[in-house]
Amino acid sequence: MPPKLTFDATEFGPSVGSILQIFQRTYNAWTNDTSQLAFSILGTSVAAVSLFKLVRHLWGYVRPSKLQIYCHSETGSWALVTGASDGIGRGFVDELLSNGFNVLLHGRNQSKLEGIVKELAQKHPKRTVNYVIADASSNDSPELAVLEKVKSLPGKLTILVNNVGGINTKPTFVELSNIGAQSIDTQLNMNIRFPTQLTAALIPALQKNQPSLIMNCGSGAGVIGVPYITTYSGTKGYIHSFTLALKAEMVAEGYAPDKRSSKGVEVKGYIIGNTQSGGNKTDVPFFTISSAQCARGCLRQVGNGKTLETPHWRQEMIEWIASVTPEKTMRDSMAQQMRDRKEQEAKEL
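The sequence shown runs 1 to 349 under full-length UniProt numbering.
Take the hints with a grain of salt, since some may be wrong.
[To be verified] Ranges between beta-carbon positions, derived for each pair:
(1) Ser241 to Asp135: 24 to 32 Å
(2) Ala181 to Ser241: 20 to 28 Å
(3) Gly180 to Val251: 37 to 45 Å
(4) Gly155 to Asp332: 26 to 34 Å
Keep in mind the hints are simulated off the structure, nothing from the lab.
All C-beta atoms in this analysis are idealised placements derived from N, C-alpha and C, irrespective of residue type, glycine included.
Sequences and hints are given; from them, build the entire structure.
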């Protein structure tokens with residue numbers, strides 16, 4: 001135990017002496033046997049709880065997925081993936097087919113989708129692959145075409161992956177004040193309106209076909225807010241809140257996932273960081289993952305009870321760094337990085 005602090009505080013005068021007396025009493029109280037024991041117990045408890053949380057958190061990235069509980073229909077379990085022609089959407093398609101699901105691909109380029117379906121049919125001969133054409137960026141109820149296609153499937157829809165979304169401006173990085181009203185509406189339609197309306201239209205079928213799963217693809221940009229892609233950041237923030245609210249509604253309506261009866265509608269959202277795809281060639285060393293890694297990571301976390309999470313531990317590190325960094329420091333750094341990207345893009349155009 002450290003030695004007690006002893007001195008005559010009155011030698012330093014009344015003002016300084018009173019302060020030193022308080023310091024002396026406080027120090028001696030903290031260093032007695034009882035205090036030392038209390039702080040040891042507290043420190044050990046905090047360390048144990050932190051270690052438990054860390055282990056439980058890391059377990060979420062390696063634990064066996066419960067995806068297979070949604071592959072239960074005798075006539076074939078179907079997964080609908082929006083924005084499925086490339087990138088993360090294509091990654092979901094490959095992973096779901098490999099896990100025994102039939103897959104309905106959504107996109108707007110018919111010839112491209114036909115080619116993908118032919119390729120996948122050869123790669124997964126035991127699975128059924130189909131497609132539906134709908135322009136998610138339009139405002140003429142494109143979700144209705146998808147709904148009609150789902151109704152015609154020879155089996156049951158048990159998984160909905162709301163993946164479609166992105167940035168529609170050229171150049172990509174633009175000040176909000178310089179984006180036309182039509183471009184803003186197009187992005188809102190694609191990133192918010194379409195997934196919301198489609199989910200609303202398909203919920204009755206998913207509830208009927210339970211256990212079922214709804215997966216919403218968000219973005220780290222929806223958490224921290226990124227300049228020059230303001231509308232995109234805002235729409236992804238909406239997806240995160242929409243996911244939380246939809247899960248709460250499923251619980252309130254009695255559709256909470258039940259492990260014992262294998263019933264319910266599971267709702268999950270993903271805060272996706274930088275992921276390489278056909279539309280994103282930006283490489284952030286160490287923190288960038290492939291579309292296949294992203295899809296695999298999302299599906300691995302199915303059934304773990306969490307609502308919002310990241311698909312890969314490396315991307316979660318970015319969120320942790322952002323959470324402990326002073327806001328001004330983070331904003332200044334983000335602003336400089338995005339200015340550099342904006343300038344680089346301008347040179348390449």
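How the hints compare with the structure:
no. : hint                         : result
1   : Ser241 to Asp135: 24 to 32 Å : holds, 25 Å
2   : Ala181 to Ser241: 20 to 28 Å : holds, 24 Å
3   : Gly180 to Val251: 37 to 45 Å : holds, 41 Å
4   : Gly155 to Asp332: 26 to 34 Å : violated, 53 Å
Violation of the numbered hints given earlier is confined to hint 4; every other hint is satisfied by the structure.
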